[in-house]
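Asker: Build out the structure end to end from the sequences listed, making use of the hints.
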Amino acid sequence: MKSENVLLIFRSNIMYKPLIYRLSKDFDIIFNILEAKILPRREGRILLELRGEEDQLLKGVTFLEENRVVVEHLSDKVWREEDLCVHCGACTGLCPTGALSLVRPKMEVVFDVNKCVACGMCGLACPFGAMKDITLFDPFAEGRTVN
Amino acid sequence: MSQFKVKKTVAEINEKIKQGQAVVVTAEEMIGITKELGPVQAARKVDVVTTGTFGIMCSSGAFLNFGHAKPRIKASRVYLNRVEAYAGVAAVDCYIGAAQPREDDPLNKVFPGRFRYGGGHVIEDLVAGREVHLEATAYGTDCYPSRSHEARMKLKDFRDGFLFNPRNGYQNYNCAVNLSKKTIYTYMGILRPDCSNANYSTSGQLSPLLNDPFYRTIGIGTRIFLGGGIGYVVGPGTQHDPGVKRSENGVVMGGAGTIAVMGNLKGMSSKFLRGASITGYGCSLNVGIGIPIPILDEEMARFTGISDDEIFVPVADYGYDYPEGSGGPLTHVTYGQLKTGEVTIDGKKVTTAPLSSYSAALEIAETLKDWIRSGKFLLGEAQETLPSIAFEGFGD
Ligand code: SF4
Ligand code: SF4
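Respectively, the protein sequence lines represent chains W and U.
If you number the first sequence the way our numbering does, the last residue is 131 and the count never jumps.
If you number the second sequence the way our numbering does, the last residue is 796 and the count never jumps.
Some hints could be false.
To be verified - Over 10 Å on every C-beta distance to chain U, these chain W residues come out as not near it, computed from the model:
no. : residue
1   : Lys1
2   : Ile4
3   : Ile14
4   : Arg26
5   : Arg29
6   : Ile30
7   : Arg35
8   : Lys43
9   : Phe47
10  : Glu49
11  : Asn51
12  : Arg52
13  : Asp60
14  : Arg64
15  : Lys99
16  : Lys116
Unchecked claim - DSS-like mimics (lysine-lysine), calculated; alpha carbons at most 25 Å apart, straight line:
no. : chain 1 : residue 1 : chain 2 : residue 2
17  : U       : Lys582    : U       : Lys749
18  : U       : Lys748    : U       : Lys581
19  : W       : Lys90     : U       : Lys435
20  : U       : Lys749    : W       : Lys99
21  : W       : Lys21     : W       : Lys9
22  : W       : Lys9      : W       : Lys43
23  : U       : Lys749    : W       : Lys90
24  : U       : Lys445    : U       : Lys408
25  : W       : Lys1      : W       : Lys21
26  : U       : Lys445    : U       : Lys407
27  : W       : Lys21     : U       : Lys582
28  : W       : Lys21     : U       : Lys581
29  : U       : Lys418    : U       : Lys776
30  : W       : Lys116    : U       : Lys671
31  : W       : Lys99     : W       : Lys43
32  : W       : Lys116    : U       : Lys509
33  : U       : Lys671    : U       : Lys776
34  : U       : Lys435    : U       : Lys407
35  : U       : Lys445    : U       : Lys776
36  : U       : Lys418    : U       : Lys445
37  : U       : Lys671    : W       : Lys90
38  : U       : Lys509    : U       : Lys581
39  : U       : Lys405    : U       : Lys435
40  : W       : Lys43     : W       : Lys(-14)
No lab work stands behind these hints: they were computed from the structure.
Every residue, glycine too, gets a C-beta built ideally from N, C-alpha and C.
Answerer: Structure follows, in structure tokens:
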């Protein structure tokens, strides 16, 4: 079992096409909707957590892409510059998914990229610029990093 | 005071350090030792307890002398990487303050501002051995005719450079929450509305002044770990206030004591001096400090043996109360509770996050321990301890 978070972008021409249920039906993928929004320019965005066998996940994502859904792998979007992180923990109280968390009792901060939903909150919270992200798409969270 | 069973002097402890016989432990290790042996035996056994803290400390900065140029200049304005340093000190002396943002910084015009580069970053760059761009301008005098001077300089090119922080090492500090209806961006980090998260900043049981709550051993001349090098306490810091409410163990229940510290920048490391950008607030400097505490008697053993569960932290509202300068603490929680990641405030479960690095604080305390054990770091006896108040005793 592997888990990863993806952002699906449905352009208006495919917005109401029933596609997501096929993930579980055809590929045995368990999905969990983390957040969904229809943007003013009539584009649908869904943050999904996908869980399944690695090859099935790949096939599921390919299926979506073949149906013209834009799939952003969120684990590619955010990373930590290890040298810059001082393990203060300032980001941990704001990370909505627990991707950044403190390991007790040593109080070191670990980053689990597979839990990240690329909300950009840690980029705002980190005083040392250790959390990097690519600003690719509109945010769901407020205060997204803008360079 | 005279009824102590154990009595040691700093000079005696230094003698042991020189002979490589001093017993040195971190404040974290001391908790178990005091618990197991009791304060008297612990004081007999342990000579020095090392502490540490690594957090954002505004009220930091560095004096720099950039050396005389040819022709000479009496600088009236100085910029380092476009961050202004105060030049009203002397011809080629200036003071770069950690909180000074860069000249063209948009500040909070686009809210919340990011404050990507400031005085703290200049200090970090210098200590890391990176080059900075110096620009000085002047009105010109007979003895200092030059009106402008520019140079690219590394720390080694400066004639002198020393860190001088007027207020560091706050003995205890607020835990910040936000009772207002909108997200706020403060020096205590980002606080979500309706008391959704709580930020705190102290290394608790490892924190220097919390381990000597009445400053019996800390004052001008105390030799310390400062920014990865060696520094000194040079007196009480600004806003030093020993009169803050204390719990029965003598530990202050809010921000109280502070220290002013100084040390040669040229021995420091950018690992323990890091420029900080606080979204919506400004620039600052993360400073690493460790103070060795001599265990002169059983009272000092007991003070250094306190744990996170015995340190109370006031919870303050930064939504209304703090900015208005009104209201008191909403409640007190212990540092032990805060460290679990969740506390209950007014019946509500609130996520907590530290702003100060406990793991780095521990590394500092361990480093200082190694320095002392190796015999190369002797304790500096305070010539005058910080202003304090009388301790009534533990009441048992
Ligand atoms: S972007 Fe940062 S805050 Fe947001 S989920 Fe990922 S790690 Fe957490
Ligand atoms: S806020 Fe930045 S430096 Fe602090 S733990 Fe998070 S990533 Fe590391």
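Asker: Would you mind marking each hint as holding or not holding in the structure?
Answerer: Outcome of the hint check:
Here W/Lys1 stays apart from chain U, with its beta-carbon at least about 36 Å from theirs, past the 10 Å limit. With a cut of 10 Å on Cβ distances, W/Ile4 stays outside the contact zone with chain U, its closest approach being about 30 Å. Against the 10 Å criterion, W/Ile14 stays outside the reach of chain U, whose nearest CB is about 27 Å from its own CB. Residue-level check passed: W/Arg26 sits 28 Å from the nearest beta carbon of chain U, beyond 10 Å.
Taking the minimum C-beta to C-beta distance to chain U, about 22 Å, the non-interface status of W/Arg29 holds against the 10 Å cut. Listed as outside the interface, W/Ile30 is consistent with that label: its C-beta sits roughly 24 Å from the nearest C-beta of chain U, beyond the 10 Å cut-off. Every C-beta of chain U lies more than 10 Å from that of W/Arg35, the closest at about 25 Å, which supports listing it as non-interface. Non-interface status of W/Lys43 relative to chain U is upheld: no Cβ of that chain comes within 10 Å, the nearest being about 37 Å off.
With a least beta-carbon separation of about 37 Å from chain U, W/Phe47 lies farther than 10 Å from that chain, consistent with its non-interface assignment. Remark: the non-interface label on W/Glu49 is consistent with the geometry, its nearest Cβ contact in chain U lying 35 Å away (cut-off 10 Å). At the 10 Å boundary, the C-beta of W/Asn51 stays outside the reach of chain U, the nearest C-beta of that chain being 37 Å off. For W/Arg52, the requirement that its beta carbon stay farther than 10 Å from each beta carbon of chain U is met, with the minimum near 35 Å.
Once the 10 Å rule is applied to beta carbons, W/Asp60 is consistent with being away from chain U; the minimum gap is 23 Å. Even its closest Cβ contact with chain U, about 15 Å, leaves W/Arg64 beyond 10 Å, as expected for a residue assigned away from the interface. Its beta-carbon lying about 16 Å from the closest one in chain U, W/Lys99 satisfies the requirement of being farther than 10 Å from that chain. The claim that W/Lys116 lies off the interface holds: its Cβ sits roughly 13 Å from the closest Cβ of chain U, which is beyond the 10 Å cut-off.
For the hint pairing U/Lys582 with U/Lys749, the CA-to-CA distance comes to about 19 Å; that is within 25 Å, so the pair holds. For the given pair, U/Lys748 sits about 16 Å from U/Lys581 by alpha-carbon distance, which is consistent with the 25 Å threshold. Our distance criterion of 25 Å between C-alpha atoms is met by W/Lys90 and U/Lys435, whose separation comes to about 21 Å. Of the pairs offered as hints, the one joining U/Lys749 and W/Lys99 holds, with about 23 Å between alpha carbons and a cut-off of 25 Å not exceeded.
A hinted pair counts as satisfied when its Cα atoms are at most 25 Å apart, and W/Lys21 with W/Lys9 qualifies at roughly 24 Å. With a CA separation close to 13 Å, the supplied pair W/Lys9 and W/Lys43 stays within the 25 Å bound. Of the supplied pair hints, the one linking U/Lys749 and W/Lys90 holds, its CA atoms being roughly 23 Å apart against a limit of 25 Å. For the proposed pair U/Lys445 and U/Lys408, the alpha carbon gap of about 11 Å is at most 25 Å, so the pair holds.
For the suggested pair W/Lys1 and W/Lys21, the alpha carbons sit about 16 Å apart, so the restraint of at most 25 Å is met. Between U/Lys445 and U/Lys407, the direct Cα distance comes to roughly 12 Å. Compliance with the 25 Å bound is thereby established for this hinted pair. Of the supplied pair hints, the one linking W/Lys21 and U/Lys582 holds, its CA atoms being roughly 22 Å apart against a limit of 25 Å. As the CA atoms of W/Lys21 and U/Lys581 are separated by approximately 23 Å, the hinted pair is consistent with the 25 Å bound.
Proposed proximity of U/Lys418 and U/Lys776 is supported: the alpha carbons are some 8 Å apart, at most 25 Å. Annotation: proposed proximity of W/Lys116 to U/Lys671 holds, straight-line Cα distance about 20 Å (limit 25 Å). Among the hinted pairs, W/Lys99 with W/Lys43 is consistent with the structure: their alpha-carbon atoms are about 21 Å apart, no more than 25 Å. Using a Cα cut-off of 25 Å, the hinted pair W/Lys116 and U/Lys509 holds, with the two alpha carbons roughly 23 Å apart.
Between the alpha carbons of U/Lys671 and U/Lys776 the distance comes to roughly 21 Å, so the proposed pair stays at or under 25 Å and holds. For the suggested pair U/Lys435 and U/Lys407, the alpha carbons sit about 20 Å apart, so the restraint of at most 25 Å is met. Distance restraint check for U/Lys445 and U/Lys776: the Cα-Cα separation of roughly 21 Å lies within the 25 Å cut-off, and the hinted pair is therefore satisfied. Between U/Lys418 and U/Lys445, the direct Cα distance comes to roughly 17 Å. Compliance with the 25 Å bound is thereby established for this hinted pair.
Of the pairs offered as hints, the one joining U/Lys671 and W/Lys90 holds, with about 19 Å between alpha carbons and a cut-off of 25 Å not exceeded. For the given pair, U/Lys509 sits about 22 Å from U/Lys581 by alpha-carbon distance, which is consistent with the 25 Å threshold. Under the criterion of a C-alpha separation no larger than 25 Å, the hint pairing U/Lys405 with U/Lys435 is consistent with the structure, at around 18 Å. Restraint check: the Cα-Cα separation between W/Lys43 and W/Lys(-14) comes to about 13 Å, which is no more than 25 Å; the hinted pair holds.
Of the numbered hints stated above, none is contradicted by the structure.
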